[in-house]
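Chain A is fixed; fit chain B onto it per the hints.
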Amino acid sequence: MAGQSDPHLTLFSAEEIEFVAEDEMVEIVPNMRMDSLNLICGDYGPFYPQIATEVPLWLAIALKKRGKCAIRPPEWMSVEKLTQTLEAERESQGSFQILPFHYVEMSKLLFDHARDDVPDMYLVRSLIEDIRDVRFHKVETSLESIDTRTSAVKIKDLSAMEVNIVRPFVGRALQAIYKHGNPELVPDQERMTNVQSQGHDHGQRRPLRRR
Amino acid sequence: MASSLGGASVSQTDDFETFTPTTDVEPLKRAWRNEKAAPEILPFEASLVGRIKEQIQLMEDTIEEYSRSGIDPLIVSLYQMDLDRTQFLLRSYIRIRLQKIEKYMLYILKSDELFRRLSEEEITFTDRCSHDMKKHFDESVLSKLPNNYQDILRQSIISEEDDMVPEPPLDTFVVCKSKEYLEHIQLEDEEERASSRVEEPFEMEANVLHIIRYKPIKSLVESGRIDLL
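Chains as they are written, first to last, in UniProt numbering: chain A, 1 to 211; chain B, 1 to 229.
Calculated directly from the structure, the hints in this document are not laboratory data.
One should not assume that every hint holds.
[To be verified] Here are the computed distance ranges between Cβ atoms for each label pair:
{"#": "1", "chain 1": "B", "residue 1": "Gln186", "chain 2": "A", "residue 2": "Thr141", "range": "27 to 37 Å"}
{"#": "2", "chain 1": "B", "residue 1": "Asn207", "chain 2": "A", "residue 2": "Glu54", "range": "15 to 25 Å"}
{"#": "3", "chain 1": "B", "residue 1": "Glu203", "chain 2": "A", "residue 2": "Met32", "range": "48 to 58 Å"}
{"#": "4", "chain 1": "B", "residue 1": "Lys144", "chain 2": "A", "residue 2": "Thr141", "range": "55 to 65 Å"}
{"#": "5", "chain 1": "B", "residue 1": "Thr124", "chain 2": "A", "residue 2": "Ala88", "range": "49 to 59 Å"}
{"#": "6", "chain 1": "A", "residue 1": "Ser95", "chain 2": "B", "residue 2": "His131", "range": "49 to 59 Å"}
{"#": "7", "chain 1": "B", "residue 1": "Val208", "chain 2": "A", "residue 2": "Gln175", "range": "19 to 29 Å"}
{"#": "8", "chain 1": "B", "residue 1": "Glu183", "chain 2": "A", "residue 2": "Arg66", "range": "45 to 55 Å"}
[Stated by the list, open to error] Covered by chain B, per the in silico footprint, the following chain A stretches (three or more residues, Cβ under 8 Å):
{"#": "9", "stretch": "31-41"}
{"#": "10", "stretch": "52-62"}
{"#": "11", "stretch": "145-154"}
{"#": "12", "stretch": "173-179"}
Bear in mind that the values here come from a model prediction, so they are computed numbers and not experimental data.
Note that the Cβ used here is the ideal one computed from N, Cα and C, for glycine as well.
Here chain A stands alone, though its shape is the one from the complex (with noise of 0.2 Å):
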């Protein structure tokens, strides 16, 4: 009520994406001694020095924190696996490449926390800006579809971030294709807008006026 933003139009904040993404998995490798930790999320370790071992994002951003281990960036974070999605992506245009859901968010908490331990950091990062840029254009392209007939969107391999940029216009784009294409939900609005509606105004452009 009062106070509240319409759920809907921000489902999901930046700041809940990335508590998501923090559980993703990543190898670590420990530099000191620490047993088996049994957590409400699941149980990790014993920890050794020197022997890899995997924990979610978050549990190994807040060893790294204290120096206790060093990250090792996923495989498709490599500069050489990059160049290739990057390629692969400007090549398809009709589909994305395949890369972690959170691939943004995790990239960015690595960045953030363990900049020494991604090899080529700004090159890694800047490569992960342009496919960023070359997916959201296909995104953008591929929108373009939508007409009054379309009454559901297929979006294969798009990940989390790209998700919820494009939630809230998709969402009510289609919405209102959907409404208008319904007679029944015409009358509806029709008489909403004769009560409010006041003087020369065309009843027909106040829904649009509203938002």
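Just chain B, lined up with the frame of chain A:
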């Protein structure tokens, strides 16, 4: 959810979970995402929330014990972080439900189906909240209006039905994903299909994202076959 047991019922998705012996955090995260994305209130995950609450309690005790017995503060802080993350998820899940209740309480009170989805605490909240709201409206506005306009549910006495009850917008488009291949999803309601163009039954590949109207997939979300995100 016709098979609900009444009261704070155990939802069907709970049976589903027992097959995958992982932690309870993943199911909670799924419930949280579904609840956030669905336009209407979903069945309360009673047993899941119960289990999570127990684990939170247990972890709180462990942390207290650890910090008293002088265990490495690093380890204590890692346990604390894990606890904080779980608590955040649980609180957020409960808050979204309360927000939906605040918004649609009059509708929920009218609908048996939705009312059965609430936990006991939520029922208490709904009752008190709607009581207070009615009282407030009565005292501040409704009692000062002419007799015909004093109802909280109807615009006036000549309204044939309750026309001032906000309803969850089931026509909202949601982003969703199926765990398995699904076919014969009927995108349009019966009466619409008769009037409009011929629509092929919709099919959904596993793990492919779709943006789709909530209503046609509503039952699949409730049975746990489709996840929202």
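Exercise. For the pair Glu203 of chain B and Met32 of chain A, does the Cβ-Cβ distance stay inside 48 to 58 Å?
Worked result: This hint holds: roughly 52 Å between Cβ atoms.
Exercise. How does the coverage statement for the stretch 52-62 of chain A fare against chain B, requiring three or more residues with Cβ below 8 Å from a Cβ of that chain?
Worked result: With 3 residues closer than 8 Å to chain B, the stretch 52-62 of chain A meets the three-residue bar; holds.
For this session: Determine whether the Cβ-Cβ distance between Asn207 of chain B and Glu54 of chain A falls within the hinted range of 15 to 25 Å.
Result: At 22 Å between Cβs, range holds.
Problem set entry | 8 Å C-beta criterion, at least three residues: is the stretch 173-179 of chain A covered by chain B | Since three or more residues must qualify, the claim that chain B covers the stretch 173-179 of chain A holds, with 4 doing so at under 8 Å.
For this session: Starting from the hint 49 to 59 Å, judge whether the C-beta atoms of Ser95 of chain A and His131 of chain B obey it.
Result: The hinted range 49 to 59 Å holds for Ser95 of chain A and His131 of chain B, with Cβ atoms some 55 Å apart.
Exercise. Is 27 to 37 Å right for how far apart the beta carbons of Gln186 of chain B and Thr141 of chain A are?
Worked result: Since Gln186 of chain B and Thr141 of chain A have Cβ atoms about 30 Å apart, the given range 27 to 37 Å holds.
For this session: Go ahead and decide if the range 19 to 29 Å is satisfied by the Cβ distance of Val208 of chain B to Gln175 of chain A.
Result: Roughly 21 Å apart at Cβ, these two residues keep to the hinted range, so it holds.
Problem set entry | Outcome, coverage hint (the stretch 31-41 of chain A, chain B; C-beta under 8 Å; three residues) | holds (count 6)
Exercise. Using the C-beta atoms of Glu183 of chain B and Arg66 of chain A, is the stated range 45 to 55 Å upheld?
Worked result: With Cβ atoms ~51 Å apart, the hint holds.
Exercise. Taking the beta carbons of Thr124 of chain B and Ala88 of chain A, is their distance inside 49 to 59 Å?
Worked result: holds, 56 Å
For this session: May I ask you to test the hint 55 to 65 Å on the CB atoms belonging to Lys144 of chain B and Thr141 of chain A?
Result: At roughly 57 Å between Cβ atoms, Thr141 of chain A and Lys144 of chain B fall inside 55 to 65 Å, so the hint holds.
Exercise. Do three or more residues from the stretch 145-154 of chain A put their C-beta atoms closer than 8 Å to C-beta atoms of chain B?
Worked result: holds (count 5)
Checked against the numbered hints listed earlier, the structure breaks none of them; every hint is satisfied.
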